[in-house]
Every structure is written in structure tokens, then in C-alpha cells.
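Under the numbering used here, think of the first position of the sequence shown as 1, with each following residue one higher.
Keep in mind that the hints were calculated from the coordinates and are not lab data.
Heads up, a few of these hints could be off.
What the hints assert, rightly or not - Beta-carbon label-pair distances, calculated as ranges:
hint : residue 1 : residue 2 : range
1    : Gly253    : Val184    : 20 to 30 Å
2    : Gly249    : Gln124    : 29 to 39 Å
3    : Met9      : Thr202    : 41 to 51 Å
4    : His32     : Met9      : 19 to 29 Å
5    : Gly67     : Thr174    : 19 to 29 Å
6    : Gly185    : Trp13     : 47 to 57 Å
Don't be surprised by glycine CBs; every beta carbon is placed ideally from N, CA and C.
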Amino acid sequence: MPIGRQPRMSQLWASGGLHLWSSGGTSSAHSHPRGHLVYAARGVLSVHTERGTSIVPANRAAWIPAGFTHYHRAHGETDMRIQFLPPSLTRLVPAHPAVFTASDLAREILLTLTGPRNYEGAAQAWDRAAQARLRRVLVDELHQADEQPLQLPEPHDDRLRAIAQLLYEEPANTTSLAELGQRVGASGRTLSRLFHDELGMTFYEWRTQLRIYHALVLLGDGHDTTYVAHACGWANPSGFITAFTSIIGTTPGRHRSAR
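Using the sequences plus the hints, can you model the full thing?
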């Protein structure tokens, strides 16, 4: 379990909150009795649950159902927003942690619902009916959006866990699955089957997700595209840009500038 570090600034209210985290800031593991959305208005968040790690850049929103133990980590200076949903709306979102594309409308609603009008002593307090209407529109937007492949599932098999740990520590490692199998005492075919059966993806897909995870972290820390490409295992930046764009929906450069 992580050791929690306090955010630089927090504002909390009944329906949500705002935390400003320095890079590397990490919450303690916790859960909530209500499901909630997590959004990074600036920076990149990783949200860790028993199901795996969700990566939340500024064009995504993460959903964490009620009762799921989780913790957050900030990558880069991060403005984290939280919006709890009433039970009447949670039936429209999955019963498992998920990541959704945040449309322009969803983004503006999230920023509005978690903005200064919620702060204690705000000059113009929220009208509850108006809040409820905005939440319904927000959930409608998410309901129309596809779940995004930004969750890196955690393996349980000891052999897969050993491989995962190696690649977490060395995302640029290009060792083949067969060679990795020699290190953990399993054939490449056995490991390939385990990746498919346990994680629902191929080894190549999982490693690419892992590399994009690290790329988002490095971009959040201010590194340029060329450095990030090589640090995450791509021989040239163009291959990295293609993979990043196919998963994130924008180029690394535009993502970095948008921060």
C-alpha cells in the first residue's frame, strides 16, 4: 500500500472536491460509499485499483464505483477534480472501474461542477436542481462514449507478475516473450496463452499499453517526444507517435502542449 502524501491544496464539499498535487503526490489507499468520477484538469493521474492501473490524461475521465479500494498518483503538477454521482445515475455507468473519453461538453461540465461556486464562502452558491441537471447531461455524455483502453490490468500468475515487474522497471526492454519465458520457467506459448486468458490481450498489446502509461508519465514530467520515445522502447519517434495517437487520440506533442 502506498504512503499517502498531502496535496498542496484541497477544497472538499458534499458532491465532490479538488486537489492540487505536486508531481509524485500519492494518496493513501481508500474507498468511498458513493461512486465517483476522477478528472485531471491539468497533469496526468494514475488510478490504481485491484483491477489494475487506469491512466487519466486531460482528455479522459475515470470512473470508480462505490466500495472499490483505490489510490491516486500525480504525474506532473496535477489539478485533480472529483465528482460523486447519486445512486440514480450510477446504473448508467459500469459496475467496474473504467476510463472514458471526456468530450468538450463533459470536460466543461466537470470543471463547472467542481469549480469555485462550490467553495466555502462562494458569492453565488449552487442551485441543487441545476447541479442535478448538469450531472444528468454529464452521465449522458459518458454513456455515449466508449470505454478507453487505458487500464493496465494486473497479472496474478507468478510468471506473468515477474515479467510485469521487469517491464515496469525497464519499459524500453525489447526482450521477446520467448526469451522472457526462459527467465521465468515457461514457454513463450504458455505465456502467450496466460496473457490472453488472464489479461484479455496479447503480450504485445499489454507491453504497448505499459509503454504508453510510462510515456504519459514522462510527458507529464515535461520530457520531449524524442526522449520519451527512446525511454519507452521505440527505436524512432515516428513509431511512438503512431502508437500514442492510436491509443490517446492525439499526438504526444499536442498532448504535452495542451497541458
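To see whether the hints hold, each was checked on the structure:
no.: 1; hint: Gly253 x Val184: 20 to 30 Å; in the structure: 37 Å, violated
no.: 2; hint: Gly249 x Gln124: 29 to 39 Å; in the structure: 35 Å, holds
no.: 3; hint: Met9 x Thr202: 41 to 51 Å; in the structure: 42 Å, holds
no.: 4; hint: His32 x Met9: 19 to 29 Å; in the structure: 20 Å, holds
no.: 5; hint: Gly67 x Thr174: 19 to 29 Å; in the structure: 40 Å, violated
no.: 6; hint: Gly185 x Trp13: 47 to 57 Å; in the structure: 53 Å, holds
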